[in-house]
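Residue numbers (the numbering used here), protein chains in the order written: chain S, 123 to 531; chain P, 150 to 270.
Any given hint might turn out to be false.
Over 12 Å on every C-beta distance to chain S, these chain P residues come out as not near it, computed from the model [claimed, not checked]:
#1 E152
#2 I171
#3 K207
#4 D215
#5 K225
#6 H229
#7 G236
#8 E238
#9 K242
#10 R250
#11 R255
#12 I260
#13 D265
Cut-off 30 Å, straight-line C-alpha distance, at most; resulting in silico cross-link-like pairs (BS3-like, lysine-lysine) [stated by the list, open to error]:
#14 S:K145 / P:K225
#15 P:K216 / S:K364
#16 P:K216 / P:K182
#17 S:K145 / P:K242
#18 S:K145 / P:K162
#19 S:K145 / P:K207
#20 S:K364 / P:K253
Estimated spans, in silico, between C-beta atoms of each pair [what the hints assert, rightly or not]:
#21 S:S141 / P:L213: 46 to 56 Å
#22 P:H181 / S:S223: 51 to 61 Å
#23 S:I126 / P:K242: 18 to 28 Å
#24 S:G227 / P:E152: 38 to 48 Å
#25 S:K515 / P:G164: 20 to 30 Å
#26 P:S158 / S:E149: 25 to 35 Å
#27 P:R262 / S:K515: 39 to 49 Å
#28 P:G248 / S:S223: 21 to 31 Å
#29 P:L213 / S:M123: 34 to 44 Å
#30 P:E209 / S:L362: 45 to 55 Å
#31 P:D219 / S:M456: 51 to 61 Å
#32 P:R173 / S:P330: 55 to 65 Å
Simulated from the structure, these hints should not be mistaken for lab results.
Please read all numbers here as calculations on a predicted model, not as lab measurements.
Ideal Cβ positions, reconstructed from N, Cα and C, are used throughout, including at glycine.
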Amino acid sequence: MDLISDRGNRVTVEELNTSNLLKHAREQADRFGLDDILVVDVDSHHYEMEHLDEVLPFVENDVLKQLLMSNRAKGRGSLLPSETSFQDMGGRITRYPLRHSEKTGPGKHRDVQLGNRWMDALGVDYACLFPTQMLHVGLTTQPDLENNLCWAYNRWLTEKILPETDDRFFSMLCLPFNDPDASLRHVETFGGRKGVKGFCVTAIRTLPVHHNSYMKVYRAIEERGLALSFHSGTNSAEPLFKSLNRFATVHALGFPMYNILHMANWVTNALGERFPKLPVIWIEAGLAWIPFLMQRLDHEYMLRTSEYPGLRKPPSDYMRDMYYSSQPMEVTDMIQLESTFRMINAETQLLYASDYPHWDFDVPSSVLNLPFLSERAKHNILGGNAARLFDLKPRTAAQKKNLELHSRA
Amino acid sequence: MPETCVAKSDDLKDGDRVIVRIGRDEVGVFRHKGSLRAYSNYCLHAGGPACEGLIIAKVEERILPDKTSDGLYFSKDETHFVCPWHGYEYDLKTGECVGNRKLKLRSYEVIERGGDIIVVS
Numbered sequence: 123m124d125l126i127s128d129r130g131n132r133v134t135v136e137e138l139n140t141s142n143l144l145k146h147a148r149e150q151a152d153r154f155g156l157d158d159i160l161v162v163d164v165d166s167h168h169y170e171m172e173h174l175d176e177v178l179p180f181v182e183n184d185v186l187k188q189l190l191m192s193n194r195a196k197g198r199g200s201l202l203p204s205e206t207s208f209q210d211m212g213g214r215i216t217r218y219p220l221r222h223s224e225k226t227g228p229g230k231h232r233d234v235q236l237g238n239r240w241m242d243a244l245g246v247d248y249a250c251l252f253p254t255q256m257l258h259v260g261l262t263t264q265p266d267l268e269n270n271l272c273w274a275y276n277r278w279l280t281e282k283i284l285p286e287t288d289d290r291f292f293s294m295l296c297l298p299f300n301d302p303d304a305s306l307r308h309v310e311t312f313g314g315r316k317g318v319k320g321f322c323v324t325a326i327r328t329l330p331v332h333h334n335s336y337m338k339v340y341r342a343i344e345e346r347g348l349a350l351s352f353h354s355g356t357n358s359a360e361p362l363f364k365s366l367n368r369f370a371t372v373h374a375l376g377f378p379m380y381n382i383l384h385m386a387n388w389v390t391n392a393l394g395e396r397f398p399k400l401p402v403i404w405i406e407a408g409l410a411w412i413p414f415l416m417q418r419l420d421h422e423y424m425l426r427t428s429e430y431p432g433l434r435k436p437p438s439d440y441m442r443d444m445y446y447s448s449q450p451m452e453v454t455d456m457i458q459l460e461s462t463f464r465m466i467n468a469e470t471q472l473l474y475a476s477d478y479p480h481w482d483f484d485v486p487s488s489v490l491n492l493p494f495l496s497e498r499a500k501h502n503i504l505g506g507n508a509a510r511l512f513d514l515k516p517r518t519a520a521q522k523k524n525l526e527l528h529s530r531a
Numbered sequence: 150m151p152e153t154c155v156a157k158s159d160d161l162k163d164g165d166r167v168i169v170r171i172g173r174d175e176v177g178v179f180r181h182k183g184s185l186r187a188y189s190n191y192c193l194h195a196g197g198p199a200c201e202g203l204i205i206a207k208v209e210e211r212i213l214p215d216k217t218s219d220g221l222y223f224s225k226d227e228t229h230f231v232c233p234w235h236g237y238e239y240d241l242k243t244g245e246c247v248g249n250r251k252l253k254l255r256s257y258e259v260i261e262r263g264g265d266i267i268v269v270s
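Given these sequences and hints, build the entire structure.
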């Protein structure tokens, strides 16, 4: 297969094979003895758009189903608001253009086979599976469309994909957050299904997460002992970002900004006090934004305490009660990173995430190579914290021994 | 110095590359515009297969005398190879990481002798 290079030149490459592409990751896994360490990846992805023909039949509304399937059949337009940028950097990230060349065998669903390949290469035992394009579903102006798409995807995922994964994949299902009643229905319908460990607010939206209409949704998730996550993303159409002319800057600002927005509302309106047993996880925005927001909110809180009537401690303390996924970990200033780890109590609150197969994925060695971390912290960040949060069992005797050795208790 | 024959001269045409294991290292050997170069195939960022990705010209932005931008162009002089894991770019002539030229892939001497391409390690 040829990849297009500069001035139309072509570079011939073999078909994609994830195991081969990640051969060096497998070498790292062997070198670090990762098979003896429980590794949980709290943020991985698949490309549900590749399987829309399987997903769309689950759309409940007949009119919307016809609309979506007709659009699909004729190959016109896009289903969801599209990014104007190119994650694969003009083909430089070769697994994007080569993705369709990868062969899978009969038996399990293609996404399961591909997932197992990268998990085995990276040394990941369990992974939380999120969609890709569906993360932008909140941008639609049609709440019924969002509701139907979430419903269809969540049915397909829980009925067709997760049952084939031997429990190695789990998910936090996307909520149709433009519609609180529909969100509650999703929690009530899917909350007890196998492999469902929580629900996800696709964070590319500007709705007030503290609005009264959402309290019943949070309460339903908390009552079931499940987690709530905010999965961020990019949106070059965001008015604030309309001047950004590179994907890199849209990406650098977009992920943290949406999480900052929702976190600020979550903390300021004392949702941590209202739902003290609800684990909240902030996903895919890196870590550098957290110390900024902690300091900023604490400063405001001390000066304007009357605007935080629900809080019984500084905002940063509530932020330390929550969980953060590790990727993409900003490692260019190790002193700053160490300080960030201290500020978020990383040993108990940080959860390893790869984000594979997306372009800026992190391998487990991104945690293992950190010079300031204890062995105990490494084990907990890589899997121990997530194992306790999601009730995941070690897969081998060696993992069990390591988990017990490095347990927080 | 140990020498390893990595390919026959006829098998490595201009624009081609070959990935070989030499000792404990994995090495990418390129023939580009008549020159042979060899670098470690382990990306300095996360250990990805640095030499196995796209070979592509450097992207440049032309700034005119009045300081306005004339847009993006491919360089006529500088070629990069790109780690396919995350996009780290390396200068094909030097093995330097173009985002920080203090970072450099381990390089190897390459010689062509008697129809063989040989890496000296």
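Item to check | Numbers of the earlier hints that this structure fails to satisfy, in rising order | outcome: When the structure is compared with the hints, numbers 3, 5, 6, 7, 8, 14, 16, 20, 22, 25, 27, 30 and 31 turn out to be violated.
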